[in-house]
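Student: Following the hints, put chain B in place on chain A, whose structure we already have.
Given next are the chains, with one letter for each unit.
There are 2 protein chains.
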Amino acid sequence: MILVNENYSLLQSSYLFAEIARRIREYESTNPPRKIIRMGIGDVTEPLPSACIEAMHRAVDEMASRDTFRGYGPEQGYAFLREAIAENDFRARGADIAPDEIFVSDGAKCDTANIQELFARDIRIAIPDPVYPVYVDTNVMAGRAGPATDGRYAGLVYLDSTAANGFVPAPPAEPVDLVYLCFPNNPTGATATREQLAAWVAYARANKALILFDAAYEAFIRDDATPHSIYEIPGARECAIEFRSFSKTAGFTGTRCAFTVVPKECRAFTAAGEAVPLHPLWMRRHTTKFNGVSYPVQRAAEAIYTPEGKAQVKSLIDFYLGNAAIVRDAMSRLGYEATGGANSPYIWVRTGMDSWKFFDKALRECQVVVTPGAGFGRSGEGYVRISAFNSRANVEEAMARLSATR
Amino acid sequence: MILVNENYSLLQSSYLFAEIARRIREYESTNPPRKIIRMGIGDVTEPLPSACIEAMHRAVDEMASRDTFRGYGPEQGYAFLREAIAENDFRARGADIAPDEIFVSDGAKCDTANIQELFARDIRIAIPDPVYPVYVDTNVMAGRAGPATDGRYAGLVYLDSTAANGFVPAPPAEPVDLVYLCFPNNPTGATATREQLAAWVAYARANKALILFDAAYEAFIRDDATPHSIYEIPGARECAIEFRSFSKTAGFTGTRCAFTVVPKECRAFTAAGEAVPLHPLWMRRHTTKFNGVSYPVQRAAEAIYTPEGKAQVKSLIDFYLGNAAIVRDAMSRLGYEATGGANSPYIWVRTGMDSWKFFDKALRECQVVVTPGAGFGRSGEGYVRISAFNSRANVEEAMARLSATR
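Just so you know, the sequences run in chain order A and B.
Residue numbering for the first sequence follows my numbering, starting at 1 and increasing by one per position.
Residue numbering for the second sequence follows my numbering, starting at 1 and increasing by one per position.
Next up, chain A with everything else stripped away, as it sits in the complex:
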């Protein structure tokens, strides 16, 4: 008899964004008075940079001719892309990362979901709250979280990210084995200082723990003092894996390209206490379960690192950061506490009510979609996330409409 993985029955409700989509569909079926503006899901709205478009066209043409056609590529990505990443994203910032420590993939969602496969089942995991739901759900599926009570899993250690700690939790007093961190943060928009990250690296080294550092929003950092990579912190190479994405950097949410960095020194341990390097394990996992990113997509990603590509990406991010400033200022003027949005596309807004209630109010009274903070965890209750990914006109219209919530 084929037995199912019963851990799936421990998953709570449906995936956040599916529930949001369902409520929108239901409301739309009642013929709302005007077009709904979606400030909820973190999906980009602006076209791909022209450098990427041109590179992709050229690569598609290569696929049309026998002499230049590309079949299977290296599972970990073509050298042309990994070298551009190592040079521009790491070495140029003083972080010592080699091209063969970079694994190109089709998404940071996939990578942050898959990485837990490298670890034993009985590890102790710390998860920030609020948090991107994928970190939790993938560990529930793997049987590491145990049963849930009041929205929290018995087997996880929660790191509350609240106004009291500026939405940057400090390392816990108790030892944990695996820690998920995300800066600039989704959903709160908070960034971590060098000192805060250094405290986490020191904690990981002292406890033989591992940090999974999700830097998908790195491109939004404009403050010179804020680290872009965990590898700007000495000692991080042995205790941190970093995830990056082109989704928000260059509008690749529908084009699909990302990468994960596993330094050669990065280690876990056997039950007998012997250190095991994670680089060959991730290589084995990546080459066994993945077959590389589409060649034209890798060429499009490479184009981000050309002079034209860099200028276009900067201008794209500038545009979204401009939106973010408008949102933050507008919500503040309405009397809401609003944080984030300075080095991040997300603004975290304290609503003064249940967050799904505010979601429904904004949808029904303003025809504006926001993301309920409670969907990201218990500490998100009372907040909503507003995304800066939209046209300027939509952002301005949405902010005008939301004044009706006051």
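Hints may contain errors.
Which copy? The list can't say, so a pair holds if one copy fits it or any two copies do.
Unchecked claim - Here are the simulated lysine to aspartate or glutamate pairs, EDC-like style, with alpha carbons at most 20 Å apart:
hint, residue 1, residue 2
1, Lys208, Glu265
2, Lys35, Asp67
3, Lys264, Glu6
4, Lys314, Glu6
Everything labelled a hint here was simulated from the structure, so no lab data went into it.
Tutor: Same frame as chain A, but now just chain B:
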């Protein structure tokens, strides 16, 4: 202390194709007398059909303009592609599969690797031998295979595919829970008849087992009597998941698109014996750990189903099948037993010696790369797989060179 998944230490040697690549590199460094012809790895060589190229260019242009730009798509694939698949690959052949039972992905390798996550750890798995290594390795990583002795894992049931059964194993006498089948087969090139598949479906229903049916080479079937899909067999909808790929169908090995079919009736069971539908579980897995296939790639795949696309794909497969016939005939004339190659791009050749020895001999004496059968399992010992994916000139030259092995 972060504990590693120690199951990885049970994996045997490196991935087959990595070992082949290593031996080729080593030989190449000795300056071989002429260019090496690669008849080993199953990678296509001909350009993408022009219908796909044109569709991809149009989609890239859509990504260049705000009005037509696409961000995140549905994780399970756009309706335009799932509808074309359901209609052309299934309904047109009398197999009742709906678009919402199709999950578009970036590769059948990924899907056949990931599917085991839906099942409990303590299930009994039957694996053909020889076999595509991914089925075994992913279950080793998940802790289901136990230790290996003499190349076989204690926890797996092996189904020998030998000349005696025409390389199509019958269901075993003992009950198993999960069965991997692949027809047309990689590596043997064998196909299964309707009666053989019906016996497997009857076995699965009688034993409450599940069949994972890998049909990545379906497009090579030209014999009218051979089923293209397991769903042509009555009763399969409740006990089979099918995997398809555009990699070999339309040259997408470097472009990346595939799909998995999970019928609504398809079930597994709780330990208490309650039936659980697998469709919502795979949906949850797919939406949690995957973010959809690149939009231009999905448009390229859709173009396969246009009248021009169908004609171009047929001509592409005709070309490779022409190569396959040349290989099979040439090896037969040299006195080797050679099977497959009729409804398959692979020819399975009995070498009369250790298969890695034949690999080395063909490489060093003929500068031709073949795939050692032993790399696919114990029953592959003594055989090599020759692939039809090459130019006509290379195929003819390789066959002329291999006469030196006699």
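Student: With identical chains treated as interchangeable, where does the CA-CA distance between Lys264 and Glu6 reach 20 Å or less: within a copy, between copies, both, or neither?
Tutor: between (35 Å within a copy, 19 Å between copies)
Student: For Lys314 vs Glu6, is the C-alpha pair at or below 20 Å within one copy, between two copies, both, or neither?
Tutor: Answer is neither; intra-copy 46 Å and inter-copy 44 Å both fail.
Student: Reference check for the pair Lys35 and Asp67, CA-CA at most 20 Å: within, between, both, or neither?
Tutor: between (50 Å within a copy, 16 Å between copies)
Student: With identical chains treated as interchangeable, where does the CA-CA distance between Lys208 and Glu265 reach 20 Å or less: within a copy, between copies, both, or neither?
Tutor: within (13 Å within a copy, 46 Å between copies)
The earlier numbered hint that this structure contradicts is number 4, and it is the only one.
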